[in-house]
Amino acid sequence: MISSIFSQLFQTLLIVMLAPLLLGWVNQCRAWLQNKRGAGVLQPYRILHKLFHKDAVLADNASSLFRSAPYVQFACMVLVASIVPIVATDLPFAAAADVIALVGLFALARLFAALAAMDVGTAFGSMGARREMLVASLAEPALLMVLFTPALIAHSTSLTTIVEALAHREFVLYPSLAFAAVAFAMVALAENARIPVDNPATHLELTMIHEAMILEYSARHLALIEWASAIKLSNYSAIGIALFLPWGIAGTGDLGAVPLALAVLFVKLLLGGAGLALLETLSAKLRIFRAPEFLGTAFLLAVLGMLLLEL
Amino acid sequence: MDSLTAILFGLLPIDVMLGVILFWVTLGLLGLIAPHHMRFIGHILFPLGAAGGLILAGAGFAAMGARPETAVLALGLPDLPFHMRLDALSAFFLVLLGAASAGISIYSAGYFREGEEPAPGVYGLQYHVFLAAMAVVMLADDAYLFMVAWETMALSSYFLVTSKHKIPEIRRAGFLYLLIAHLGAIGILLCFGVMQGGHGDYTFAAMRASHLDEFWASVTFLLALFGFGAKAGILPLHVWLPEAHPAAPSPVSALMSGVMLKTAIYGLLRVTFGLLQTQFSWWGVVALLLGLLTALFGVMFAAVQTDMKRLLAYSSIENIGIILVGIGLTLIFHAYALGPLAALALAATLYHCINHAFFKSLLFLVTGTVLHSTKERSLGKLGGLIRNMPWVAWLALIGTIAIAGLPPLNGFVSEWLLLQAFLATPSLPSSYLSMLVPVEAAAVVLAIALAGYVMVKFYGVIFLGRPREEKLATAHDANWLERLGLGWLALGCVALGLAPVFVLTQLDHVTRLLTGYTVGVSAAQSGWLFVVATSLERASYSPALFLLGIVTMLLLVFVLVRKRYHGRVRRGPAWDCGYARQTARMQDTAEGFGQPIKQIFEPFFRIERQMPSPFDEHPRYQGKAEDKLWYALYLPIARLVERLSLRISTLQHGRIHIYLLYSFVTLLFLLLFTR
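First to last, the protein sequences are chains A and H. Going by our numbering, the first sequence opens with residue 209, and the numbers climb by one from there. Going by our numbering, the second sequence opens with residue 1450, and the numbers climb by one from there.
Among the hints, a few may not be true.
To be verified - Straight line, CA to CA, 30 angstroms or less: simulated DSS-like cross-link-like pairs of lysine-lysine: (1) H/LYS2012 / A/LYS258; (2) H/LYS2012 / A/LYS262; (3) A/LYS244 / A/LYS476; (4) H/LYS1830 / H/LYS2077; (5) H/LYS1615 / H/LYS2073; (6) H/LYS2047 / H/LYS2073; (7) H/LYS2012 / H/LYS1830; (8) H/LYS1824 / H/LYS1615; (9) H/LYS2047 / A/LYS493.
No lab work stands behind these hints, which were simulated from the structure alone.
Pulled out of the complex, with its shape left as it was, chain A reads as follows (with noise of 0.2 angstroms):
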């Protein structure tokens, strides 16, 4: 029971800690490929930390929905940091929550972020609103149907049970759950607003879709937001650790696997996050009316995936 409590504690600590890590890192790396020096892989951090201690500075007529949001969408990541195994399956809240429900926290928060976009009425703040949920509606049923392929695979939605089915059976290759990985892949571009779909670095603001939302924040709020997105990130990058690479996962009460299990954790994290900026590198952004179609590819793969496990 204590060591379920103190595994849960610490896999949740870990990833909202080392998030902004892997978001420098995936900068730094992004530098590097782009002949640049970069700030450093700590530089994530350092812009938290100015920013929460500045004074925040609200519009006007912003409401207490607009102040609460920053903390609501922070604390949807956490939860869902709290349900995905990374290093080892012995997590009692997941319990709780399972991929269904997974979903339904990231909708959560997206739904809290947009409406608190579009509540000081600028014009970039409904168009980022109305923009974020357009993908998100298109890139959520995808998403649920990339989860559905290793559920019907180890027969349960739990994310713990998958990944026990899925790292510590016998070994079978199943050609669905690379249709799924490919549209995975898909759908996290999306979702984190990267490029194709969006671009974390743009400031020009017709092309902005996650960036024009947060316009109006600053200070803590800002801070509380940035830090979501990296957990969100994080999030992304465990979800596809564990359904499509989960070896080296440490099962339940296998207490000795546990350091193994992180070594591996941070070479997969290593490796995904220069993968993540060699893409963005070699990738231009699409036209928002193009992101439909990226996004209603990833959904077709999908559904071929599963599909294919029905045949």
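Since the structure of chain A is already known, use the hints to place chain H on it.
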């Protein structure tokens, strides 16, 4: 005193219900004493009606676990007295009716305004007769009483819809509603006719006992699907919903959308599972496909609406689609003798019915308050109401989260259960079905995700941002009776979301009755905290822990940020990338918010665009997205009917001897048959 308690506690639930029905009718009639006395009707009659609703819900709750009760009233036709029967299925829908109508009635109590049409007394009569008729529909145990109650329901709601009958559009909307309601009634009548199988016995007991072969059973099912589908708003019989709901006063829209649509679902379940003995899997496929089309159609059209009540009406179509998908899945599993899965799908369906009753009523009532305080229904002229109407706005947020299907509120639970049922399809023996169903699941998930988009539009455009018109600055919040009604419905959304195990154990009585299996018992095995689909390893979800987690994290983060850093705030003008001259008209309008959907799903709409030429002095741009079915199906039929009736009208001369001749010929013709 003892005898009084004996009488009170000796009463059967069905007696209590008959009492409530009578009480409602009496309340309605009492309103005619002083039809213009707002105090008397608003502060006495309607709260009493709400209490009646609560008693009805309580009696229904008591009856769910009990044995079926019957009653025969000394009314009706000479050899066909009114039969009534209260079983778990009726009881569940009566709980839904009572609980939702309690909130709507108490809200109605505060809804009257001086000098508004119709007179409160007249409205109260129609309203309470409507309630009573819906209760009788759910209790009826013979086709005659059912049809009488069904028609009373249709007529009383017609008068409620057309209560502002001086406006021509409202009269048109009412006519369309009445027309489709009667088309449906014909279907239901024929369906009962087929089921009595030539024996002439119209009691449901006789129908239950008779066995129909596959052909006639299927005919019955299709007729029921048509008849009840017209009332529920299943494609392509949905056209009345977006017309009638905006026309009706908001409490009536709430009652029609939240409760009356469910009477149609009740009827469909009653005929399919209660009266027919065998079910076939292809019925399920039909229901599944129709439900899917309805859901996707509803949500797409909801996304492009600019009238807030029309938007909600289309969203009701979407929800009915999802409910029909659930019924379809139940039928498929049931036909393949996969009892536990059929029970799971049915539980999801029923759960969604009661969820929809609560959140849709809540949102319709919210539009009522917005309408009263702003006199504006168009989304393009609202905005920023959260600052003047905080009560309504925050209660509406609960409804928005619930209807968007987000945890930890109620909409998520039923969608979770439905998706779990979808995930169980690999156990189907038919490979064709197990290929089809995942595709269906994908489309249902798309509909659910788009519903989130629609609800952000609904909430964001009405309550957030800056007021788009100056008059909105004087908007006032709901009065205390309205708040009470809204609060009751919002509480229902939260309670249904947080206590799924309790709800499922109650739903077990219904699923046991219809499919012979239960889900709640297995759900309860892992404790009240966790709801599980079939087993704990398979899937579990705990809304209470979920909420606890979110709230703890919120407080923790808040306290940590305050403690470690500070809570200082300054106010300033909005930044908006340094753009200095911002006006409220630069925000996204309802059209703007719906535009991406219009563009992506363009083939599904009939889009009319009016583009100004470059040299236009007063340029005017208009883009209208309309229902293709209206032009492809309804208008041709209407033209055909007109042409036929023109032909037939040549028979009409207005001369009495020719009419006498017609009578004579008819008589001869009939004599030929009877010999």
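Comparing the hints with the structure gives:
1. H/LYS2012 / A/LYS258: holds (16 angstroms)
2. H/LYS2012 / A/LYS262: Within the cut-off at roughly 14 angstroms; holds.
3. A/LYS244 / A/LYS476: holds (24 angstroms)
4. H/LYS1830 / H/LYS2077: Status holds; Cα separation ~27 angstroms.
5. H/LYS1615 / H/LYS2073: Cα-Cα ~26 angstroms, so holds.
6. H/LYS2047 / H/LYS2073: holds (10 angstroms)
7. H/LYS2012 / H/LYS1830: violated (43 angstroms)
8. H/LYS1824 / H/LYS1615: At roughly 17 angstroms apart (the allowed maximum being 30 angstroms), H/LYS1615 and H/LYS1824 satisfy the hint.
9. H/LYS2047 / A/LYS493: holds (23 angstroms)
When the structure is compared with the earlier hints, a violation turns up for hint 7 alone.
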